[in-house]
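A.B. asks: Below, each chain spelled out in residue letters.
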Amino acid sequence: MRQFVALLIREWQEWRMVMAVVAAIYVLGLVVSTVALHRGSEAFLAGHIHAGIHHDHDLSDSDDFDDDPFPEEEDDAEWISPKEMGFFSLGEILRFSGRADLILFGWTHMLRGGVSFINLSLLVLALFYLADAVFKERADGSTYFYRSLPVGDGAVLAAKLVAGTVGFLGISFILGVGSVLFAQLTFPGGLAEYLAAEGYAASQVAIMDLLGDWMIFHVLQLLWLLPFAAYLLFVSTVTRSRPLLIALVVPLLVGILWRYLMGNNAFLSEITTNLMVLGDVLGNEWLGHRGPGIDPGASIELFGSFTGYIFSLRTVVSLLVAGSFFAGVFFAYRKNLAVS
Amino acid sequence: METLIHLQDVTKTYGSTVALKGVSLDIPPGRIVGLVGPNGAGKTTLLRALTGSISYAGTISVLGLDPQSQRKALMAQTGVIHDVAVLPPWMRVRQVLTYMAGVHPLFNRRRCEDALSTTSIQMGKKVKQLSKGMKTQLHLALVLATESRLLILDEPTHGLDILFRKRFYTAVLEDYYDEEKSILISTHQVEEVEHILSDVIFIRDGEILLYSSMDDFRETFVQLTASVEQADQVRQLGPLTEHDLFGRKVFLLRDVDRSALEPLGELEAPSVADVFVALMGGEA
Chain A
1 MRQFVALLIR
11 EWQEWRMVMA
21 VVAAIYVLGL
31 VVSTVALHRG
41 SEAFLAGHIH
51 AGIHHDHDLS
61 DSDDFDDDPF
71 PEEEDDAEWI
81 SPKEMGFFSL
91 GEILRFSGRA
101 DLILFGWTHM
111 LRGGVSFINL
121 SLLVLALFYL
131 ADAVFKERAD
141 GSTYFYRSLP
151 VGDGAVLAAK
161 LVAGTVGFLG
171 ISFILGVGSV
181 LFAQLTFPGG
191 LAEYLAAEGY
201 AASQVAIMDL
211 LGDWMIFHVL
221 QLLWLLPFAA
231 YLLFVSTVTR
241 SRPLLIALVV
251 PLLVGILWRY
261 LMGNNAFLSE
271 ITTNLMVLGD
281 VLGNEWLGHR
291 GPGIDPGASI
301 ELFGSFTGYI
311 FSLRTVVSLL
321 VAGSFFAGVF
331 FAYRKNLAVS
Chain B
1001 METLIHLQDV
1011 TKTYGSTVAL
1021 KGVSLDIPPG
1031 RIVGLVGPNG
1041 AGKTTLLRAL
1051 TGSISYAGTI
1061 SVLGLDPQSQ
1071 RKALMAQTGV
1081 IHDVAVLPPW
1091 MRVRQVLTYM
1101 AGVHPLFNRR
1111 RCEDALSTTS
1121 IQMGKKVKQL
1131 SKGMKTQLHL
1141 ALVLATESRL
1151 LILDEPTHGL
1161 DILFRKRFYT
1171 AVLEDYYDEE
1181 KSILISTHQV
1191 EEVEHILSDV
1201 IFIRDGEILL
1211 YSSMDDFRET
1221 FVQLTASVEQ
1231 ADQVRQLGPL
1241 TEHDLFGRKV
1251 FLLRDVDRSA
1261 LEPLGELEAP
1271 SVADVFVALM
1281 GGEA
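Going down the list, the sequences are from chains A and B. In terms of this note's numbering, the first sequence opens at residue 1 and continues consecutively. In terms of this note's numbering, the second sequence opens at residue 1001 and continues consecutively.
Chain A with its partners taken away, still in its complex shape:
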């Protein structure tokens, strides 16, 4: 275990600057957008921006929400369906029935966009990392140094796979959780109260359930991305040059060949399905839904059950494919193939 920790630390030391820069950019963006939204929310609550939605309660002691600077819009006010909430186009935003929607849209999409951004950014980084993980040490000759020490090849390679999957996804999870907590802390109390009274789901989300779901989502993402991660590591171990390029081009060519021979896109579809876990699973889920389908008194299940995703044939196939590639990595690594 001590050895494995040392191996993980080595991987971290090599990539920590890149991680730090990505995290710093993300945190900066999060803070800036939060500040902007916070100010907008405060202005909204203070009545500088008209709510423009139907409400029949008295928020605090203010009647400013009735002071509509755009009275003609109120006649056209419509409820936005919950499923559409996550996919507003610019045109739809402009057609918002009320400013409360806009404020809520901002908050929810700051979170949704933020965690999606950090998740995808780290996945792209993981792509570079895994493609380079073995190739780089083969290229600079340090494989000979590492293999001159009493560490098993399996442990070395497992550390790289863990760092490239659990490591990157772990950081994604931590930053995602940080984002949610940060938003919770900075979400104006008055706005929450107002939204609750208006039947918005945002106020009904159980935060611990959300974090639990978010963690399980990352586990699912790990399982489904494992074949591609192991494949990248395999390419990194055997290719003589340009591991990332080769790693991306080969499946593309196979996909084209598959389409030519089989007449469908099944090969590439399977890969992209696994890669797009985020889009598939999160699709139309996140904070901010409202509408007639939501019971104002019930807590909201944001993601539904993950067990159906995790204990699935796709997961089994993913593990088998990943295991096959990892075995290939293990045997090729011992040969320490030359690079050009």
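You can take every hint at face value.
When the alpha-carbon atoms are kept at most 25 Å apart in a straight line, the in silico DSS-like pairs for lysine-lysine are as follows: (1) B:Lys1125 x A:Lys136; (2) B:Lys1166 x B:Lys1132; (3) A:Lys335 x B:Lys1021; (4) A:Lys136 x A:Lys335; (5) A:Lys136 x B:Lys1126; (6) B:Lys1166 x B:Lys1128; (7) A:Lys136 x B:Lys1132; (8) B:Lys1166 x B:Lys1181; (9) B:Lys1072 x A:Lys136; (10) B:Lys1181 x B:Lys1072; (11) A:Lys136 x B:Lys1128; (12) B:Lys1072 x A:Lys335.
Across the chosen pairs, the derived CB separations fall in these ranges: (13) B:Thr1003 x A:Met17: 40 to 50 Å; (14) B:Thr1017 x A:Pro251: 28 to 38 Å; (15) A:Ala327 x B:Lys1126: 26 to 36 Å; (16) B:Glu1192 x A:Val27: 52 to 62 Å; (17) A:Val21 x B:Lys1166: 40 to 50 Å; (18) B:Thr1017 x A:Arg16: 37 to 47 Å; (19) A:Gly154 x B:Asp1009: 25 to 35 Å.
Just so you know, these hints were derived from the structure itself, not from any lab. These numbers come from a predicted model, not from an experiment. Backbone N, C-alpha and C fix where the C-beta goes; we use that ideal spot for every residue, glycine too.
Keeping the supplied structure of chain A fixed, place chain B upon it in accordance with the hints.
C.D. replies: Chain B alone, transformed into the frame defined by chain A:
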């Protein structure tokens, strides 16, 4: 007798190139063995096979362990310097030490730091920022701090100046070697190590040409400096090489009775380099 290194019919090919051709060898413990050969002779391939760094055909046992299937156990008892350029260039010196401490159960960090404190290597420097000599010093300090039973050095001083080369081998002898330990050194600068060797191996084109203790080596080979008039007599004894030196003839002979040579001229022990060149087919 216990065998430190055993090779039986070891062959290694790279594509159509045969780097090792059925090498068989037994090296006892407690020796300092020089592996000498020209570029491309198979020295590095042989050492990499001994350390399990590459695959091969045949049988190898080092310290009683199979380098391929028991590499981890073998490396716990073996220090290896493959080449000066194999330390990870992105790591800082401090990180290399931390890594070693994490993965090597016998690594003595204090000893390594003490060794480095006598050099100009700074802990915060990256390996790629170190000079070639510093990298070698660092690698040697790492290896000597592992208390290994066997030290394998592959051209450790290649590209370094003579002062550093001398210091390197002095450090190896003073800080590492005792009769319980063994050293296998690959080099083509044989004149710099021959005074410390107890055995020598000549390798060419993947084949072992000679394996001898230095005592046997000095018994086997002799250099005779004779007058021109006596040259024909010497030539009848089948010298390996012959060349002129200040109007006299210098011969290198193998397995010749010295009592028969003494009347013909002055006898001397040849250098390993002279014998090496002679056996490689050149002239001394």
